[in-house]
Amino acid sequence: MFNHMLQKITGRSKSSGNTAKKRLQFALVYDKLEINDSTLTSLQNDIVEVISKYFEIDTEGIQLELQRDNDVSALVFNTPIINIKRGVV
Amino acid sequence: MEARTIVITSGKGGVGKTTATASIGAALAIEGNRVVVIDMDIGLRNLDVVLGLENRIVFNVVDLANERCKVSQAAIRDRRIENLFLIPASQSDNKDVLTTASVERMVALLKKEFDYIIIDSPAGIERGFENSIAAADESIVICTPDVSSIRDADRVIGLLYANSITPKIIVNRIVPQMVASGDMLSHEDILDVLSVELAGLVPMDEQVVISTNTGMPLVMQNGSLAGMAFRRIAKRLNGEKDIPVKVPEYKTGMWNRISKRFSKKK
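Protein sequences appear in the order of chains X and P. So in the working numbering, spot 53 of the first sequence is number 208, and the numbers just go up one at a time. So in the working numbering, spot 105 of the second sequence is number 707, and the numbers just go up one at a time.
No lab work stands behind these hints, which were simulated from the structure alone. Keep in mind that a hint or two might mislead.
Said to hold, decoys possible - Some chain X residues judged to face chain P by a derived CB distance under 8 Å, without partners named:
1. S170
2. S171
3. G172
4. A175
5. R178
6. L183
7. S197
8. Q199
9. G216
10. L221
11. R223
All figures in this text were calculated on a predicted structure; none of them were measured in a lab. Here a beta-carbon is modelled for each residue, glycine too, at the ideal position from N, C-alpha and C.
Okay, chain X solo, but in the shape it has when bound (with noise of 0.2 Å):
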């Protein structure tokens, strides 16, 4: 106790509890955008399907991933096309 008053008066109060809901808070966001690669399979098979209605794309060439900073996020998906599909739809 008067440990902690001596923080006080010398301004050094760093309370440990603080720090703890800030990693909690951050961990919590994270998780719950974490994504099992099953998933991201089925995802990008269902994106490539949609796609190929449209476009005549390299599948060889396709880059999917969740990017994460700090405040956002974002699922980018990149694609070579070879030729837009004419006529369709």
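We have chain X already, so just place chain P on it with the hints.
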């Protein structure tokens, strides 16, 4: 009254699930309900020793779920608390021996005879968890004020919602003086992070160890702070009004009072 099935669960192990189950079950029985507590941690039986009923086991939850015995044979009657019964876990089987269908059937059977069915779920989110929540109407998630237990609680809360069960949370093992000094997450912090309804707050209490040592239910220990907290939680569960959640307090001496005033000014 329609029987209520409440599953007590947590993400992380060792946060006090079994103690909570025993205490809430005993307290609900003291309030005059017919209560059965079920140990669903197949292979790691514990609720029986916490309740001091380990010497009286003949049949277990696997026997009952798989129709090898009657409810009256599997449910052990507590001799100290009227209307409190225990259905122990099996110690020799593994978790795959039960199916959600067999658990649902068993609970339907128990609902005819009891007011409350309190299920002690195993830690984690494997098969045993699925079985435990299969027949539950309500759930209480236990966590302690530490980062890992809260993170795991969040995961379990998500799974409960996904199964259409709205969870409430009990924060266990609160050390009021550490919360006051800012070195322990307060229950407000935890509710901020988890966004879930609060069932109650339980302080750290040495009596829990003593109660487990002797097999005497915590809620029967005079002066146990944790025991009293569980009594209040049970009363609230039981629908009693005017039992507000009590925030554990540090019995203040002179130094603490000065220090408290000091930290408030900041």
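These are the hints, each one checked on the structure:
| no. | hint | result |
| --- | --- | --- |
| 1 | S170 | holds, 3 Å |
| 2 | S171 | holds, 5 Å |
| 3 | G172 | holds, 5 Å |
| 4 | A175 | holds, 5 Å |
| 5 | R178 | holds, 6 Å |
| 6 | L183 | holds, 5 Å |
| 7 | S197 | violated, 19 Å |
| 8 | Q199 | violated, 24 Å |
| 9 | G216 | violated, 36 Å |
| 10 | L221 | violated, 18 Å |
| 11 | R223 | violated, 17 Å |
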